[in-house]
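**Q** In case you want the letters, here they are:
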Amino acid sequence: MYKKIEWQDEYSVGVKELDEQHQKMLNIINSLLIGQQNEYDALQFSEAVSSLIHYAYVHFATEERYLAQANYPDIKAHILDHVGFIMKTLELSLKVHEGTQDNRLDLLRYLEKWYSLHVLGIDRQYIPYLAANGIK
Amino acid sequence: MPFIEWKDTYNIGVKEIDNQHRGLFDLISKLFNSRQYGPDGKYFILTLNKFAEYAQVHFSTEERYMQEAHYPKFAEHQNEHELFIAQLSQLAQDVENKEADIENKTLDFLKDWYVAHILGADRDLEKSFQAKGFK
Numbered sequence: 001m002y003k004k005i006e007w008q009d010e011y012s013v014g015v016k017e018l019d020e021q022h023q024k025m026l027n028i029i030n031s032l033l034i035g036q037q038n039e040y041d042a043l044q045f046s047e048a049v050s051s052l053i054h055y056a057y058v059h060f061a062t063e064e065r066y067l068a069q070a071n072y073p074d075i076k077a078h079i080l081d082h083v084g085f086i087m088k089t090l091e092l093s094l095k096v097h098e099g100t101q102d103n104r105l106d107l108l109r110y111l112e113k114w115y116s117l118h119v120l121g122i123d124r125q126y127i128p129y130l131a132a133n134g135i136k
Numbered sequence: 001m002p003f004i005e006w007k008d009t010y011n012i013g014v015k016e017i018d019n020q021h022r023g024l025f026d027l028i029s030k031l032f033n034s035r036q037y038g039p040d041g042k043y044f045i046l047t048l049n050k051f052a053e054y055a056q057v058h059f060s061t062e063e064r065y066m067q068e069a070h071y072p073k074f075a076e077h078q079n080e081h082e083l084f085i086a087q088l089s090q091l092a093q094d095v096e097n098k099e100a101d102i103e104n105k106t107l108d109f110l111k112d113w114y115v116a117h118i119l120g121a122d123r124d125l126e127k128s129f130q131a132k133g134f135k
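Protein chains in written order, with my numbering: chain Y, 1 to 136; chain E, 1 to 135.
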């Protein structure tokens, strides 16, 4: 089953605002993992998914602003990954309304994998560029 | 301008349709949230496209039920769906062209539509569907 991902200091990208947002996203994903185990009802679950998507809009807009400011060379690919996340999560969130456990599990599996690959993976590639531009 | 609050009384008692109505509701709520994000309105457009796609899926489902129930106002109701899809695709184009204040206009339009159509015209389906024993 799912293990909560605990925030570690080494996950920091060196920019306070982004770190706080990454932690907040992790908190929402963890609340979904715990909610799943504690049998959130359909409404509670879909409200938590909505708050995750809402927060993703906020976070992606912030991060993309920093990447543009730092003239990050891979910005296009990075933005595409954000777009992919929104599309996929919207799609999976619609399926959650159908209410089966499988639909919830598909969403959780995707979120867990995405967080590891994206936030703990490709986000690390921009660290030197933001640092070189004095962004903290 | 916030979107409306969800109430369980919005359900018409047919699970598949109610789930989709709730899905459309959630996508409109997300559009209200995404409005101010993404300097170029990217996330707004993305969410709007997803909404348009899902509206099509929903209309096909609902029309299938209407036909099965021999719903007397089928043609009228289907016209409303077609008109909405046409209006929506015009709005999506205007959003792409970044017309003035288009995001607020789109949100106003969607809110009015949801209230008039889903919470209005669709209530009339309830009796026909119940009589058929749809759940």
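Quick caveat, the hints were computed from the structure, so don't treat them as lab data.
A few of these clues could be false.
Stated by the list, open to error - Covered by chain Y, per the in silico footprint, the following chain E stretches (three or more residues, Cβ under 8 Å): (1) 44–56; (2) 91–101; (3) 105–118.
Said to hold, decoys possible - No more than 25 Å apart at the CA atoms, straight line, and that leaves these computed lysine to any residue pairs for SDA-like: (4) K135/E with D19/Y; (5) K88/Y with E53/E; (6) K73/E with E64/Y; (7) K42/E with A42/Y; (8) K73/E with K127/E; (9) K98/E with K15/E; (10) K7/E with A42/Y; (11) K111/E with V58/Y; (12) K15/E with S29/E; (13) K98/E with A42/Y.
The beta-carbon is built from N, C-alpha and C at its ideal position, and this holds for glycine as well.
**Q** All hints are to be evaluated individually against the structure, with a verdict given for each.
**A** Quick rundown of the hints versus the structure:
Judged by the Cβ-Cβ criterion of 8 Å, the segment 44–56 of chain E is covered by chain Y as claimed, because 4 of its residues qualify and three suffice. A stretch counts as covered by a chain when three or more of its residues have a beta carbon under 8 Å from one of that chain; for the segment 91–101 of chain E and chain Y the count is 0, and the coverage is violated. With a cut-off of 8 Å between beta carbons, the segment 105–118 of chain E has 0 residues touching chain Y; three or more are needed, and the interface restraint is violated. The straight-line distance between the Cα atoms of K135/E and D19/Y is roughly 47 Å, outside the 25 Å bound, and the hint therefore fails.
At most 25 Å may separate the alpha-carbon atoms for a hinted pair to count; K88/Y and E53/E meet this at roughly 14 Å. For the proposed pair K73/E and E64/Y, the alpha carbon gap of about 49 Å is over 25 Å, so the pair is violated. Among the hinted pairs, K42/E with A42/Y is inconsistent with the structure: their alpha-carbon atoms are about 29 Å apart, more than 25 Å. For the proposed pair K73/E and K127/E, the alpha carbon gap of about 12 Å is at most 25 Å, so the pair holds.
Between K98/E and K15/E the CA atoms are separated by roughly 38 Å; this puts the pair beyond 25 Å, and the hint is violated. Between K7/E and A42/Y the CA atoms are separated by roughly 14 Å; this keeps the pair inside 25 Å, and the hint holds. With a C-alpha separation of about 23 Å, the suggested pair K111/E and V58/Y falls inside the 25 Å cut-off, and the hint holds. A hinted pair counts as satisfied when its Cα atoms are at most 25 Å apart, and K15/E with S29/E qualifies at roughly 21 Å.
At roughly 37 Å between alpha-carbon atoms, K98/E and A42/Y are farther apart than 25 Å, so this suggested pair is violated.
In summary, the structure is inconsistent with hints 2, 3, 4, 6, 7, 9 and 13 from the numbered list given earlier, while agreeing with the others.
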